[in-house]
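Visitor: Take a look at the letters that make up each chain.
2 protein chains.
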Amino acid sequence: MSGFRHVVMFTWAEGTTTSQQEEVRTRLAELPAVIPEIGSLSLGADAGVNPGNFDFVVVGDFADRDAYLVYRDHPAHRAVIDGYITPILDRRAAVQYEP
Amino acid sequence: MSGFRHVVMFTWAEGTTTSQQEEVRTRLAELPAVIPEIGSLSLGADAGVNPGNFDFVVVGDFADRDAYLVYRDHPAHRAVIDGYITPILDRRAAVQYEP
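Residue numbers (the numbering used here), protein chains in the order written: chain Z, 7 to 105; chain D, 7 to 105.
FYI, nobody ran anything at the bench for these hints, they're computed from the structure. Be aware that one or more of the hints could be misleading.
[Said to hold, decoys possible] Computed from the model, here is a short list of chain Z residues facing chain D with C-beta under 8 Å:
id, residue
1, E20
2, A35
3, N56
4, P57
5, F60
6, A69
7, R71
8, A73
[To be verified] Now the stretches of chain D that chain Z is said to cover, found in silico as 3 or more residues with beta-carbon under 8 Å:
id, stretch
9, 29 to 38
10, 58 to 70
11, 79 to 91
Please read these numbers as outputs of a predicted model, since none were measured by experiment. The beta carbon of each residue, even a glycine, is placed where N, CA and C say it ideally should be.
Throw the hints in and build the complete structure from the sequences for me.
Guide: Okay, here's the thing in structure tokens:
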């Protein structure tokens, strides 16, 4: 597979609500319609199979690194981060790579 | 997309060598040939675009949760974890989800 993949995981802070967590998913799911550089955006809450996991993951596929950077810095994406993710964020883990 | 996806990231401990890190990739890449339940296994070292990232990511796609569990507990997989990952591991972050 070619392209460029962005993977990020979050844990949510104590005391945040399911509604707040679902809002992150809803807002991120709206981004492909407004950022055409997104090839695909796969979103998922942890299935609860293993203890100690993070809570939520985003796997974004892009044509290349430049397309990822457009997504990373896009105002619509930053608005989701600032408005919905950062307020409930505990830990974050990310990797970008060429699959 | 249906199925079941396993995503895990690692940071490597200070003092580990590039050779040790590349060995993890080599050993994981051998697993699809010996564990037929693996649908696909995408491996990647961080591209270095963003500071503070983890060092390595594994994205595994499986037909369903049971297929993932076969992989998780397979002796060939555990041998890679015990012999190559754990000895150089600093931090680990994982999510399993239904894409």
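Visitor: So, as I understand it, the hint says Z/P57 touches chain D; can you test that by seeing if any CB pair is closer than 8 Å?
Guide: For Z/P57, the interface hint is violated, since the closest Cβ of chain D sits about 10 Å away, which is over 8 Å.
Visitor: Using Cβ atoms only, decide whether Z/A35 comes closer than 8 Å to chain D, and label the hint accordingly.
Guide: violated, 13 Å
Visitor: Would you check whether Z/N56 satisfies its interface hint, that is, whether its CB is within less than 8 Å of any CB in chain D?
Guide: holds, 7 Å
Visitor: Grab the minimum C-beta distance from Z/E20 to chain D and call the hint holds if it beats 8 Å, violated otherwise.
Guide: Violated - the Cβ of Z/E20 stays beyond 8 Å from chain D, reaching only about 18 Å at its closest.
Visitor: Less than 8 Å between beta-carbons is the criterion; does Z/A73 satisfy it with respect to chain D?
Guide: Constraint on Z/A73 not satisfied, violated at 12 Å.
Visitor: Holds or violated: is there a CB of chain D closer than 8 Å to the CB of Z/F60?
Guide: Holds, about 5 Å.
Visitor: Grab the minimum C-beta distance from Z/A69 to chain D and call the hint holds if it beats 8 Å, violated otherwise.
Guide: violated, 15 Å
Visitor: With a cut-off of 8 Å between beta carbons, are at least three residues of the stretch 79 to 91 of chain D near chain Z?
Guide: violated (count 0)
Visitor: Establish whether the coverage given for the stretch 58 to 70 of chain D by chain Z is satisfied; the threshold is a Cβ-Cβ distance below 8 Å, and no fewer than three residues must meet it.
Guide: Answer holds; 7 residues pass the 8 Å Cβ test.
Visitor: With chain D as the partner, please determine if Z/R71 meets the hint condition of a C-beta pair closer than 8 Å.
Guide: holds, 7 Å
Visitor: Examine the stretch 29 to 38 of chain D for residues whose CB is less than 8 Å from any CB of chain Z, and state whether their number is three or more.
Guide: violated (count 0)
Of the hints listed earlier, those the structure fails to meet are numbers 1, 2, 4, 6, 8, 9 and 11, in rising order.
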